Amino acid sequence: MLKAGLDIGNGYVKALVKNPDLDDKARAVDMPSAAAVITNSADVRITEPSAVKAEFEDIYNKLEVSFDSPLIDDKEMRFYVGKRAVRSGKSLQEFNLRESQRSKSETELSAILTLSILAGKALKDYYDTHGSTLPAKDETLTVQAQMAVSLPIAEYKRSKNTVPRNYKAKPHLVRIHNFQNVIRVDIHITEIIVAPEGASAQFAIASKGERFMNALVKKMATDAGISLPEGITVKDIMDAGGIIGIDIGEGTVNFPIYQDMRFNPDTSKTLNKGYGSVMDEAQAQLAQMGRPFDSRKKLTEWIIDAKDKPLMRSRGKEVFQVVEAEINIFTDEVAREFSGVLERNGAFAEVIYVYGGGATSVQDSLYPKLIKMIQKTFGEDAFVPVLYLDSSYSRCLNRDGLYLLVSSDEERSTEDLRGL
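Count the sequence shown with the working numbering and you get residues 74 to 493, in order.
Just so you know, not all the hints are guaranteed correct.
[What the hints assert, rightly or not] Straight line, CA to CA, 25 Å or less: simulated DSS-like cross-link-like pairs of lysine-lysine:
| id | residue 1 | residue 2 |
| --- | --- | --- |
| 1 | LYS380 | LYS390 |
| 2 | LYS308 | LYS292 |
| 3 | LYS163 | LYS135 |
| 4 | LYS230 | LYS390 |
| 5 | LYS371 | LYS156 |
| 6 | LYS382 | LYS371 |
| 7 | LYS98 | LYS148 |
| 8 | LYS442 | LYS292 |
| 9 | LYS156 | LYS135 |
| 10 | LYS342 | LYS380 |
| 11 | LYS292 | LYS197 |
| 12 | LYS230 | LYS241 |
| 13 | LYS291 | LYS281 |
| 14 | LYS163 | LYS210 |
| 15 | LYS291 | LYS342 |
| 16 | LYS342 | LYS156 |
| 17 | LYS197 | LYS148 |
| 18 | LYS442 | LYS291 |
| 19 | LYS233 | LYS243 |
| 20 | LYS98 | LYS281 |
| 21 | LYS135 | LYS210 |
| 22 | LYS291 | LYS308 |
| 23 | LYS291 | LYS163 |
| 24 | LYS135 | LYS292 |
| 25 | LYS197 | LYS230 |
| 26 | LYS148 | LYS126 |
| 27 | LYS135 | LYS230 |
| 28 | LYS230 | LYS292 |
| 29 | LYS210 | LYS230 |
| 30 | LYS233 | LYS382 |
| 31 | LYS156 | LYS380 |
| 32 | LYS210 | LYS126 |
| 33 | LYS241 | LYS281 |
| 34 | LYS449 | LYS342 |
| 35 | LYS197 | LYS98 |
| 36 | LYS281 | LYS292 |
| 37 | LYS308 | LYS135 |
| 38 | LYS371 | LYS163 |
| 39 | LYS371 | LYS390 |
Note that these hints are calculated values from the structure, not bench results. Bear in mind the structure is a predicted one, so any value in this text is a computation, not a measurement.
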């Protein structure tokens with residue numbers, strides 16, 4: 074039985090997967106939310122034991138797969154997934170941030186990524202427990218899985234019952250084509266929990282404890298010059314029941330709202346733009362300038378690489394200027410949306426949390442705008458803490474909250490959530 078918390082983001086998949094019978098702690102998966110259709114596969118199979126071993130060092134980002142699943146139409150089509158897809162040079166399937174009529178959960182890409190991770194984990198478990206050997210040619214691996222996933226708040230309201238029904242209706246066969254023999258993994262989803270994005274992150278924050286909250290309060294003082302007034306303690310913030318979250322993802326910004334510590338789906342909302350929208354606009358502009366970026370995914374990966382590679386960074390000034398201009402436009406829109414949230418729900422708000430994979434990239438532009446909106450709503454002297462979490466860990470909060478939802482106390486190691 075596999076237990077999985079799967080945050081299928083518009084930009085990246087963040088997951089924790091655990092086999093309680095085998096693993097001492099959950100295994101983290103981090104991969105771009107991308108697949109590439111293989112129309113002319115070289116069909117190079119890995120056979121050398123050392124090469125097979127290397128493949129398992131990050132199997133999820135190296136898979137070549139095909140599916141027999143009610144969620145994927147073409148039963149013969151083969152795909153690269155994750156980093157292998159991005160670097161393949163082939164046409165990418167990624168979530169269309171401009172397609173507002175179709176929900177993310179209804180796209181085949183979501184199923185491709187989900188089933189690939191479960192199949193990759195099942196195969197890795199077999200490889201590790203059978204003396205670094207692969208299944209025989211006529212062998213089919215069968216695995217049961219319980220998982221939790223999240224949806225943007227607006228989509229959650231529409232599809233929270235549809236997603237479990239679709240995954241549980243029939244088994245899903247995944248074929249893995251990396252090795253000499255095609256490996257078949259038969260996946261049976263026995264339970265699936267659906268949570269709203271942002272709310273699952275807030276669940277993880279609530280379980281972090283006082284030491285974590287102290288660090289957030291210190292960061293607020295350093296970054297925004299806001300300190301706790303006399304008579305207000307860190308525990309007061311931890312106990313606050315009126316919470317507004319701002320979860321900045323690739324394709325959406327979710328505003329989960331809590332009143333009396335209970336998630337309120339009626340007042341929570343989604344802005345159908347995210348940090349990926351910034352990259353989409355920047356990529357389009359750079360492409361017009363003749364720069365070699367034909368997708369937002371390639372631009373995003375380039376920026377990540379350029380930060381650590383001086384030769385790339387030296388020619389990236391123009392790229393960063395274009396991106397910065399788009400960030401300012403985006404944060405103006407987020408701040409306006411936040412202002413509307415405050416107007417409707419501000420009377421109950423005690424604390425604001427900002428987090429998500431796009432949070433740090435827009436912090437310099439967004440943080441002062443949020444504070445300005447709070448002062449405009451409550452007055453210059455009002456104290457409403459705005460706790461801004463770094464993306465290096467907050468991008469995984471939805472993942473961590475989802476894993477908490479699907480795993481029991483007995484199955485959960487204290488190391489599973491990196492000290493959560």
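Taking the hints in turn, this is what the structure says about them:
no. : hint             : result
1   : LYS380 to LYS390 : 12 Å, holds
2   : LYS308 to LYS292 : 16 Å, holds
3   : LYS163 to LYS135 : 15 Å, holds
4   : LYS230 to LYS390 : 42 Å, violated
5   : LYS371 to LYS156 : 10 Å, holds
6   : LYS382 to LYS371 : 16 Å, holds
7   : LYS98 to LYS148  : 34 Å, violated
8   : LYS442 to LYS292 : 17 Å, holds
9   : LYS156 to LYS135 : 7 Å, holds
10  : LYS342 to LYS380 : 34 Å, violated
11  : LYS292 to LYS197 : 40 Å, violated
12  : LYS230 to LYS241 : 20 Å, holds
13  : LYS291 to LYS281 : 16 Å, holds
14  : LYS163 to LYS210 : 29 Å, violated
15  : LYS291 to LYS342 : 29 Å, violated
16  : LYS342 to LYS156 : 31 Å, violated
17  : LYS197 to LYS148 : 23 Å, holds
18  : LYS442 to LYS291 : 20 Å, holds
19  : LYS233 to LYS243 : 18 Å, holds
20  : LYS98 to LYS281  : 18 Å, holds
21  : LYS135 to LYS210 : 20 Å, holds
22  : LYS291 to LYS308 : 14 Å, holds
23  : LYS291 to LYS163 : 46 Å, violated
24  : LYS135 to LYS292 : 38 Å, violated
25  : LYS197 to LYS230 : 36 Å, violated
26  : LYS148 to LYS126 : 28 Å, violated
27  : LYS135 to LYS230 : 34 Å, violated
28  : LYS230 to LYS292 : 34 Å, violated
29  : LYS210 to LYS230 : 44 Å, violated
30  : LYS233 to LYS382 : 43 Å, violated
31  : LYS156 to LYS380 : 18 Å, holds
32  : LYS210 to LYS126 : 19 Å, holds
33  : LYS241 to LYS281 : 32 Å, violated
34  : LYS449 to LYS342 : 21 Å, holds
35  : LYS197 to LYS98  : 15 Å, holds
36  : LYS281 to LYS292 : 16 Å, holds
37  : LYS308 to LYS135 : 45 Å, violated
38  : LYS371 to LYS163 : 12 Å, holds
39  : LYS371 to LYS390 : 17 Å, holds
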